Every structure is written in C-alpha cells, then in structure tokens.
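Undergrad: Sequence:
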Amino acid sequence: MSSTTAFGIDIGGSGIKGAPVDLKAGELAADRLRIPTPQPSTPDAVADTVKELLDSFGVERGMPVGVTFPAVIQHGVAKTAANVDKSWIDTDADALFTERTGHDVFVVNDADAAGISEMEFGAGRGKKGVVLMTTLGTGVGSALFVDGRLVPNTELGHIPFHGDAAEKYMAESVREREDLNWKAWAERLQEYYSLLEFLFNPDLFIVGGGVSKHHAKFLPLLDLRAPIVPADLRNEAGIIGAAVLARRAEDETIKAASGKGRKKAGIAAEKAEAKVEKASTKADKKAEKKSDKAAKKARKDADKKAKKSKGSDSKKK
Numbered sequence: 018m019s020s021t022t023a024f025g026i027d028i029g030g031s032g033i034k035g036a037p038v039d040l041k042a043g044e045l046a047a048d049r050l051r052i053p054t055p056q057p058s059t060p061d062a063v064a065d066t067v068k069e070l071l072d073s074f075g076v077e078r079g080m081p082v083g084v085t086f087p088a089v090i091q092h093g094v095a096k097t098a099a100n101v102d103k104s105w106i107d108t109d110a111d112a113l114f115t116e117r118t119g120h121d122v123f124v125v126n127d128a129d130a131a132g133i134s135e136m137e138f139g140a141g142r143g144k145k146g147v148v149l150m151t152t153l154g155t156g157v158g159s160a161l162f163v164d165g166r167l168v169p170n171t172e173l174g175h176i177p178f179h180g181d182a183a184e185k186y187m188a189e190s191v192r193e194r195e196d197l198n199w200k201a202w203a204e205r206l207q208e209y210y211s212l213l214e215f216l217f218n219p220d221l222f223i224v225g226g227g228v229s230k231h232h233a234k235f236l237p238l239l240d241l242r243a244p245i246v247p248a249d250l251r252n253e254a255g256i257i258g259a260a261v262l263a264r265r266a267e268d269e270t271i272k273a274a275s276g277k278g279r280k281k282a283g284i285a286a287e288k289a290e291a292k293v294e295k296a297s298t299k300a301d302k303k304a305e306k307k308s309d310k311a312a313k314k315a316r317k318d319a320d321k322k323a324k325k326s327k328g329s330d331s332k333k334k
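Here the working numbering is used: the sequence shown runs in plain steps of one and ends on residue 334.
Rather than coming from a laboratory, the hints here were simulated on the basis of the structure.
Listed below are the simulated SDA-like cross-link pairs for lysine to any residue, each with C-alpha atoms no more than 25 Å apart in a straight line:
1) Lys185 to Pro237
2) Lys230 to Gly30
3) Lys34 to Glu116
4) Lys96 to Glu172
5) Lys34 to Val94
6) Lys68 to Asn100
7) Lys96 to Thr59
8) Lys230 to Ser211
9) Lys230 to Glu208
What follows is a list of derived Cβ distance ranges for each label pair:
10) Gly75 to Val163: 36 to 46 Å
11) Glu195 to Pro55: 27 to 37 Å
12) Pro57 to Lys185: 15 to 25 Å
13) Thr21 to Pro53: 28 to 38 Å
14) Pro57 to Lys230: 23 to 33 Å
15) Gly119 to Ser211: 47 to 57 Å
16) Asn198 to Pro169: 34 to 44 Å
17) Arg242 to Arg78: 46 to 56 Å
18) Arg78 to Asn198: 48 to 58 Å
This structure is a prediction, so every number in the text was calculated from the model and none was measured. We put the beta carbon where it would ideally sit given N, CA and C, even for glycine.
Using the sequences and the accompanying hints, generate a full structural model.
TA: Following this line, the structure appears as structure tokens:
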C-alpha cells in the first residue's frame, strides 16, 4: 500500500462519487465512479452503495478510506442530516461504514473535506490567517481555517438570515428555483458575505460548488474587503479532501499505536528492572544472612576453643 494514495468518497443528496486519490499530486488517480444516492437514503441503503463503489474499484485492504457526509460529524457520529434521510441523526457513520465495507472508514463533513482539498492543493494553498470557504449548491456549506487549521462543522449556511436559514435565501438552488439573474442573485450573496465578513474578518474567501465554474458572472459583482476567489478543484474537492483526511487519520492512529507500544515496552522494561532489583536484593540479603551465620559460628567455635584452652591451662597449674 502506497503512503501517497487513499480512497475518497463524496456522498450527496443525488449521487455518491468516489475514486482513488494521488495525495502527492492532489488529483484523482483514476476516473471517478458515480452511483445515484438510494431513495430513501437510509443508513443501510447508503452503506450498501458505498460498499458497491469500493468493490467496483477493488480497493485493497489497508488503504485509508475517507467519506464526506452532508451533516455535522462529531467523533464519527452524524448529528444532523441535510439532503439525506433523517434516520442518519445520531448514527455512528464511522462504525457503520467500517462494519459494512470491511475497510477502516473515516467520515467527515462534506464542506470541511472540500475546504481541506482547497487548502492543500487549491486556491487556499499556503494561505495564513483566516480563510473561509463556502460551497454553493442545493444548500450552502462552509469550512473555516485559522492558519491552515480546520475549525470543523461551522455550518454557516444554517445561520439565521431573513427569518430562515441563510441557504434558503441565497443558495444556488434558490437562484435556479426563483429564476434569478446573476445580478439579482449577487445582491443576495452580497448581503450574506458581508455578514460573514463582519463575523470573521477573513483574509480570503473561497467559493466552491458546481456554480463556481460560472464565477466570472457573479463574483466580480461583490464588494468585500477580503479577496473572494473561485475554488480550483470544484467537483473533485470532496473526494480529494476525504482522502487527505483519511490518510491523516490513519497516520495518527499508527502514531498513537506506536506510542502506546513504546509505553507498554517501557512499562515492561521497568517491571523487568524492578524484578531484577528485587531478586538482587533478595540474593544480597540471603548472602548477608549466610555470612552472619558463618561469622556467628566462627565466633562460637573460637569461644569454645578459648574455653577449652583455658581449662587445659588450669589443669597444668
């Protein structure tokens, strides 16, 4: 297994996409495969589809597998469910996918994964300070970075805005549904990004999602203090980010196990050393006791001999 390869899967409301990822180049190592998201998108149905996708590529055991999911993910557990069945809430997604596929699977919020890929290989590469990425699509996802470190599960598309979640007012799906022209939609985006700028004062905005390929039609219409740029990786961002995070999780697990092994070996060595010291002390005490016994016997023999000699001298007199 190459340390520069991992497998990424991006779960969406309409499709589940996956491919092996070259982590050195930051690109797919093979053409991606897309399978329609099962309806209803229950945990069991989605897990079966993920297994089907992995089996299609013949993914070898031991290769890190990362999966993006449209939800707040805490310690592998889905705490919300956006665009998927509500039965996902409180489901241990890590455990479910691992058990169903036979692979060690690491699950992450979908927007966080897209952000990671942009920070590693795309528009945010090498950027310091506060970087805020948003993904515009059916809803609005977000990924916040401070000096390159992810602040997970920000879900800024759900902040209250115009009496509802922000994404209900300015997502790309709203533009299509209400047939807004680019200028009218940009006015809504201006309100939203101005609020984010007030809250976070980012050094850079990155805009992802499928609509980012049309960035020239709406990004120049926005007036913000911070630069706002389109994402570089677009539809592959989720897959690549999931693979990056899976490799990191795998490396951390190995490191933790190695540290635990070293600690265990150290404890064993300490126990062995204590055992040797105890045996040595016991031997020393035994030798000391034996020496004392010999000395005592020698003194007794000397006293006996002295008494005998004294008695002999008395008889001579």
